[in-house]
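Given chain A, work out where chains F and Z should sit, using these hints.
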Amino acid sequence: MVTVRALTRNRVETYMQLAQELRTMPRREVMARRQGAIVASLFYEPSTRTRLSFETAALRLGARVVGAENALENSSAKKGERLEDTLRIVGSYADAIVVRHHENNTLAEVASLCPVPVVSAGTGAGEHPTQALLDVYTLERELGRVDGLHISILGDLRYGRTVHSLLYLLTQFNGVVVTMFAVPGLELPSEMAASLAADGLRLRTVGTLEEALSETDAVYQTRIQRERLQGEDALSLAGLTHLGVEELRRLPSHARILHPLPRLDELNPELDHDPRAAYFRQAENGLFIRMAVLDSLLKEGIS
Amino acid sequence: MVTVRALTRNRVETYMQLAQELRTMPRREVMARRQGAIVASLFYEPSTRTRLSFETAALRLGARVVGAENALENSSAKKGERLEDTLRIVGSYADAIVVRHHENNTLAEVASLCPVPVVSAGTGAGEHPTQALLDVYTLERELGRVDGLHISILGDLRYGRTVHSLLYLLTQFNGVVVTMFAVPGLELPSEMAASLAADGLRLRTVGTLEEALSETDAVYQTRIQRERLQGEDALSLAGLTHLGVEELRRLPSHARILHPLPRLDELNPELDHDPRAAYFRQAENGLFIRMAVLDSLLKEGIS
Amino acid sequence: MVTVRALTRNRVETYMQLAQELRTMPRREVMARRQGAIVASLFYEPSTRTRLSFETAALRLGARVVGAENALENSSAKKGERLEDTLRIVGSYADAIVVRHHENNTLAEVASLCPVPVVSAGTGAGEHPTQALLDVYTLERELGRVDGLHISILGDLRYGRTVHSLLYLLTQFNGVVVTMFAVPGLELPSEMAASLAADGLRLRTVGTLEEALSETDAVYQTRIQRERLQGEDALSLAGLTHLGVEELRRLPSHARILHPLPRLDELNPELDHDPRAAYFRQAENGLFIRMAVLDSLLKEGIS
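Protein chains in written order, with our numbering: chain A, 1 to 303; chain F, 1001 to 1303; chain Z, 2001 to 2303.
Excised from the complex, chain A in its bound form (with noise of 0.2 Å):
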């Protein structure tokens, strides 16, 4: 599971399923779904929440964990090793392994080498694929559907890794309408949009926040690494963006706030209480996808 380009719909809704019945069964009873199988996890960029998702979720299943917190720094990598190598001899002791990869398409490349299955846990301004299925989760179970929704991206269109996968993602499902509101010089790349648009998605550009909040089901915001942003006027520009409750003032009733986490100033805590700021609902959500990806590739019990 290193791209959600290989995802299909049906693959999506099973997984999303899944997630809902591990989410209620009783915990005894998931974790004698994967007791004994071990799960390999190598951040080679450090990322402690996605880390700990991804380790809670395989302890859940009663699988066991081994891990590389700082992979890059404290292995061989260091030395030179090449991650194919890397991933043959760890996918010697483990069942499966979370990666995160500080390149962009490495691990794409070189996961088929491996002798277990390989799952991404984000790989450098490339793909983020879990986090684009827990987003579509997050929709399906805040709105009901994920067909036909009207969602707004804001902020960081171009480097952020999220957006790109869940845009992908979001070509699977059926007249969705994306409105995006970047801050100027963090645009989708064109090359990117005409391939999404390739795909059926239906992407509009508008000029106003409020353009962006109003007439949508979900917004989605990101956080903005400011080292992007150039010049003076950039403080300013990041600002564009911002939510606080003045803005959430044009934003439906019925609609959902999403955040991939985690956040700076671009989401006032003041929006915390709010029943439509979803973004810590989703964090959890991301738990149970991540159970959902993981029991689908241990293998059934460990003889």
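Among the clues, some could well be false.
Unchecked claim - Listed next, the in silico EDC-like pairs over lysine to aspartate or glutamate satisfying Cα-Cα at most 20 Å (straight line):
hint: 1; chain 1: A; residue 1: K79; chain 2: Z; residue 2: E2073
hint: 2; chain 1: F; residue 1: K1299; chain 2: A; residue 2: E29
hint: 3; chain 1: Z; residue 1: K2079; chain 2: F; residue 2: D1265
Hints listed in this document are in silico derivations from the structure and should not be mistaken for laboratory results.
Relative to chain A, chains F and Z alone:
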């Protein structure tokens, strides 16, 4: 459990009694207590010994552990995520969270926003509640009581968070007399001394190591961080509270030597074989106190 | 288990036999063997592959693991704590401790002060006992015996701890002949050669790669750390022992290629599909040898 200030005597006694029970129960029986629970350990300030003590405590109860050895460097904290966001998210995966934090007060301020119990594993120069509990548990085990003990504290009374937490916890006991012999410049802050006295603790200051060692029931030695000492005389000043075989001639035969460890040269290894040297037993007691704390906080059974 | 020097042939045979049994037993049965035991893994020098191999070995036996991925940076060692203090304290939590240490001899000197068994996972430029065991186990599995084998060792015979441990272990077998082809400047230290010869190992030096590859049963390739080589000719010298498809024409068809991994360019990936390439199987063998070592050291059952 983020501050000793919230611990009543009754609660302390309960923890000590439970620690004692968990120590003597068959291991298999203990491991059945919290089967299936997930404990997250987030160390924003690395501390291998304390982390391993907490994580072993969780595993011995049958829980499973996800952890971050160096959460400040390796996590979203570096991207600017606030601790309360991290706790809310990790609290949606885990059943309890152990946190070591580098700032004095942040953890105590935000712990209540976390949906699951939070345990402090030490905060900056602030508190170290489980260390204080294990110190008191060690006094109880080694000397049969805490009430009425004469305790001498040496070295760094200014910055040592373990000393501060211990002193606050001792206010819960009756008739304790604390004798302080600090390295010059590292005396107990006067406001803290006033606050402790107001809570009924009897504090006295002596001018020589001999006075601190004679007529005492327990000597609490501390590590002095050289960088705390200014000026030329630093090294010789640090040596004032050194404990070796020679100094111990003055210590009553029933008395005990405690130290939160790690030690540098303030505690000569030649003392290790002296039956009064209780510091390694003290470290071991920490495991059982932490088991008692985690056992109390984790829900009974996981449905 | 901190040095191969203390391993008798009988003990080596026992480990290999147990490794073989653990490999073929049903996983569930193996996982019942050391249920409830706690293994601590302390890596003062990061090494993800070796650590994951040991930790997986412990988990596969049913034990649970607490670990430090980067113990030197993240622990009291930084505050100056001596290794023996750490081992005494961690030894009061855990039932066995796996240690990778950056110094050559410290671990062997202090391991006996630890209250529980200590296993070396490699020490500086000193030893790597379980690597030597898995090397010998690989020879046995691939070639049916160790006695009487002709083994060619290439590359760095001076600093490589895996080579040193393997050579010492081979003195326990009969009639082994070792052919050495070192990069100039990286020859086996003469005192070590004398010591090995005194223990009955037959060592010979050849001047060309061709001689090392013809008439041998196993080639043991090693990684050369560029920084070990001085002067302008370093790169070309390092290339002297390079193995590719061309060089392998000289290797007998029954022979095997071993490598402790990670590899750099001294072992061309084009060899990976050659049936004589045993290095990935060798890495997998490490898991079972480490299971055998840990299983032997952990107390039977945990009461």
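Against the structure, the hints:
no., hint, in the structure
1, K79/A to E2073/Z, "18 Å, holds"
2, K1299/F to E29/A, "17 Å, holds"
3, K2079/Z to D1265/F, "12 Å, holds"
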